[in-house]
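Protein chains in written order, with our numbering: chain G, 1 to 239; chain F, 240 to 473.
Think of the hints as simulated: they come from the structure by calculation, not from any bench. In this text, all values refer to a predicted model and were calculated from it rather than measured experimentally. Incorrect hints may have been included.
Ranges between beta-carbon positions, derived for each pair [to be verified]:
id : chain 1 : residue 1 : chain 2 : residue 2 : range
1  : G       : Glu-173   : F       : Thr-456   : 52 to 60 Å
2  : F       : Pro-312   : G       : Ala-162   : 49 to 57 Å
3  : G       : Arg-75    : F       : Gly-328   : 47 to 55 Å
4  : F       : Leu-330   : G       : Ala-63    : 55 to 63 Å
5  : F       : Ala-459   : G       : Ala-119   : 40 to 48 Å
6  : G       : Ala-69    : F       : Arg-382   : 25 to 33 Å
7  : F       : Arg-382   : G       : Gly-122   : 27 to 35 Å
8  : G       : Arg-84    : F       : Glu-363   : 17 to 25 Å
9  : F       : Val-262   : G       : Gly-108   : 44 to 52 Å
10 : F       : Pro-312   : G       : Asn-44    : 54 to 62 Å
11 : F       : Val-303   : G       : Pro-166   : 33 to 41 Å
12 : G       : Glu-218   : F       : Glu-363   : 43 to 51 Å
13 : G       : Glu-173   : F       : Thr-397   : 36 to 44 Å
14 : F       : Ala-459   : G       : Gly-136   : 48 to 56 Å
Pulled from the structure, derived: some chain G residues nowhere near chain F, Cβ distances all over 12 Å [what the hints assert, rightly or not]:
id : residue
15 : Arg-182
16 : Pro-216
17 : Thr-222
18 : Gln-234
Each residue gets a CB set at the ideal place from its N, CA and C atoms; glycine is no exception.
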Amino acid sequence: MRAPDTILPLTAEGLGFARNGVDILCDVFLTIEPGAPTLIIGPNGAGKSVLLRLLHGLLDPTAGRIVYAPAPEPRRRQAMVFQRPVLLRRSVLGNALYPLALAGVPRGERDARARAALALVGLEALAGRPARRLSGGEQQRLALARAAALNPDVLFLDEPCASLDPAATRAVEQIVTALAARGTKIVMTTHDLGQARRLAGDVVFLHRGRLLEQTPAEVFFTEPETPEAAAFLQGQLVW
Amino acid sequence: MNDLGSALTTAASMVTTADPAVVQVVLLSLRVSLTAVAIAALVGLPLGALLAVAQFPGRRVMIVALNALMGLPPVVCGLLVYLLLSRSGPLGPLGLLFTPTAMVIAQAVLIAPILAALARQLLEGMWEEYSEQLRSFGAGPWRAVPTLLWDGRYALLTVLLAGFGRASAEVGAVMIVGGNIDGFTRVMTTAIALETSKGDLPLALALGMVLMAIVLTVNAAAQVLRDSSARWAG
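Chain F extracted, bound-state conformation (with noise of 0.2 Å):
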């Protein structure tokens, strides 16, 4: 109780006197988790829209993958891009290892399944719909991927929101390819795991709420968004 009782005071301060050190980590953490929603987003939702309409061999294959990948553990993600972008990798000589960069790989690797796999399940109900009355419109699958993706778009910021949930909540990944170095790769997730490891409980936990307190702005700003805008398109 002593521990949480000071964590929130360090907490606290920590947001009052705005710590360098600690809005360098913040800032990061949201650049790094932002972009790979960002690059997870331009691949995972037009293949989800592609998966929902289209019929092909090997779809059903590719959903149950990308279901699958739905659990891929964060440590395993990080170790397949650590391998890519070792010395000796086939990414090696890029030289991104233990960058911001690398990070972002790895969480958009990470979450892009996680994207298709939700914007798949939601968008197959919209294609039910929509299908016949586009294909007399003379629209096939391959037209309907963008308007299946511009009206699901509220809906899909859900999608969004939990790849985002799952990337700035994550810290094997981030852990294993960027190396918690100070200043230069140290997010959120990855000071907490190390404070809590040196011992310092109230710091760790104080990062956590700033964590959480992040986490809960976004998905709020995002709620009020998509609500405005999903009770205007019906």
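This is chain G alone, in the form it adopts within the complex (with noise of 0.2 Å):
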């Protein structure tokens, strides 16, 4: 959509991160290419989290490094929404409008922007109701509007549904879709097997802090390339 003005493809390079000497990613190469949703999945503890926040620079890798394609302030490029959403103490537009303001819209089309994000999903009638009232389901929509009113060449999504019931997680997948067909990159963490068919055009698996597997999804649930993915699907299936 906005081909030649990206931040994609984003490369990892030899990343690594250690907390107090413990590895917990290692030399993870991995490249995120423009397109459909990237799931990063793999068992508790496997680095999912990590990750993400490495990829978005929240956190500094203590080994190798991040490279984005050549595009101007890749900082500003790219949202993230959290497993659980860290909402201000303000309306439901107002926390839309928070990160326009930062990003330096201009204050002419912030509103029209925030306004556009919560229709998309779904809360545009309660624009000017506490954010902090909301229900959880709700609360992450706010989130995503909030990230997708930036309108980011990434989104990374750091397990979305994990405290949402099956009404709200349906409703956070459609808008994943949404955006993912809007020419949004989506790169989500999840633990919910189901929802990464669901979502997936290719699938990272990460285990004990090293990436075992990029494939595409319909390769990765079919046949897995590693023994420890195969046992993780399988394992998965039999719950």
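Please assemble the complex out of the two chains, which come individually in their own frames, going by the hints.
In structure tokens, the structure reads:
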């Protein structure tokens, strides 16, 4: 959509992260290409959230580096939604306006962009309500709207449905699909294999801090290359 | 008990007749303390917010110092401001000693550390919650200060009340730098001290009751505001 003007492809070159001398991630090479969502999956403690934070720049890698395609201000061309949304003590609309103000969007454009983002997630009717009074699902949708308003090249989602009920999860998945269709690259962690199947274009499989596979989704779910991935899929299926 | 009874009647007649001398003392008290709170808030709240979010060398020392200054005795504060403003002091040429302005300065100096220390505690918790999200939005500590002050505005009202309570209740600082001049720098607390030393206990008590009533009213109003708005903000 805006092919020449994007931070994608984004590559991690030998990315590593250690905390207190313990390796959490080790030697990760991966490329995030424009297109369908990339799902990062793996057992608990595999380093999924840390990888997402490294890619987004919230953590500094202790080894390796992240390379963006040359585009101005790469930090402003990405956004992240966390497992538990942190909403400001303001109205729904105020929450959507805040990151736009920080990003330096001209005052006159902010309102329209914020409202469009709220409409995208179906919260436009609640624009005047206090954000922290929303239900869990509505809060997560607002967090998505807030990120979407920024019109990022890449949107990182860290287990966005982990604490949501099935209906709210479905709503979030619909929004994610809509954003992906609009040209936003989604990079998302999940522990829900069904969700990964529904959304993934390609899959990054992490295990004990190492990247074992980055394969197209249809390949990963039918014939995983590594025994660890096969076991992970088996274990989850039996469950 | 007799004193208490006559104090009540005196207080009641003071309020009902609106004795001009008493009204003047009450208004000056309010003016001095509210102005002092406003000035101290302008300095103390941003300082507290900055201490909550920023990491810099000497931060811990500053926090300890602020916490210690919360216990600064008003007379000591008054004495320091007195030395600054006295004829031979560095700010002597301004001729501020024994004016209401001097009293505002003394009370502002007294409560600014209180506001900063309490705001720091309050906003540190909020920053813990906000920091990752704000960094994701590209906001550093400097940009976070106004955000935290705005989002914490209802909770900070309690901090302002603590400052106002301290300012309106203290007598040592305003006595030293104001001089308790009748009709010019006499406020409720210095009037109470004077009437007590003159032996007019009912009058002193009555003034004390009026002071309590004012402080109570201000706190109740702030509480109502805080409750309604905090319920809104969640």
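If you check the beta carbons of F/Arg-382 and G/Gly-122, does the distance land in 27 to 35 Å? Since F/Arg-382 and G/Gly-122 have Cβ atoms about 30 Å apart, the given range 27 to 35 Å holds.
Taking the minimum C-beta separation from G/Gln-234 to chain F, is that value above 12 Å? Given a closest Cβ separation of 35 Å, the condition holds.
Is 17 to 25 Å respected by the C-beta to C-beta distance linking G/Arg-84 and F/Glu-363? holds (19 Å)
Separation of G/Thr-222 from chain F, once the least beta-carbon distance is taken, above 12 Å: holds (35 Å)
With 54 to 62 Å as the target window, see if F/Pro-312 and G/Asn-44 comply at their CB atoms. holds (56 Å)
Given the hint of 55 to 63 Å, is the C-beta distance from F/Leu-330 to G/Ala-63 inside that range or not? holds (58 Å)
With respect to the beta-carbon atoms only, verify the hint that F/Ala-459 and G/Gly-136 lie 48 to 56 Å apart. Given about 35 Å between the Cβ atoms, the range is violated.
Note whether the CB distance of G/Ala-69 and F/Arg-382 lies within 25 to 33 Å or breaks it. This hint holds: roughly 27 Å between Cβ atoms.
For G/Glu-173 and F/Thr-397, compare the CB-CB distance with the range 36 to 44 Å and indicate the outcome. Check passed, 42 Å falls within 36 to 44 Å.
Between G/Glu-173 and F/Thr-456, does the C-beta distance stay in 52 to 60 Å? holds (54 Å)
Go ahead and decide if the range 33 to 41 Å is satisfied by the Cβ distance of F/Val-303 to G/Pro-166. Given a distance of about 51 Å, which is not inside 33 to 41 Å, the answer is violated.
Checking the smallest CB distance to chain F, is G/Pro-216 really beyond 12 Å? holds (29 Å)
The structure fails hints 11, 14 (numbered hints given earlier, in ascending order).
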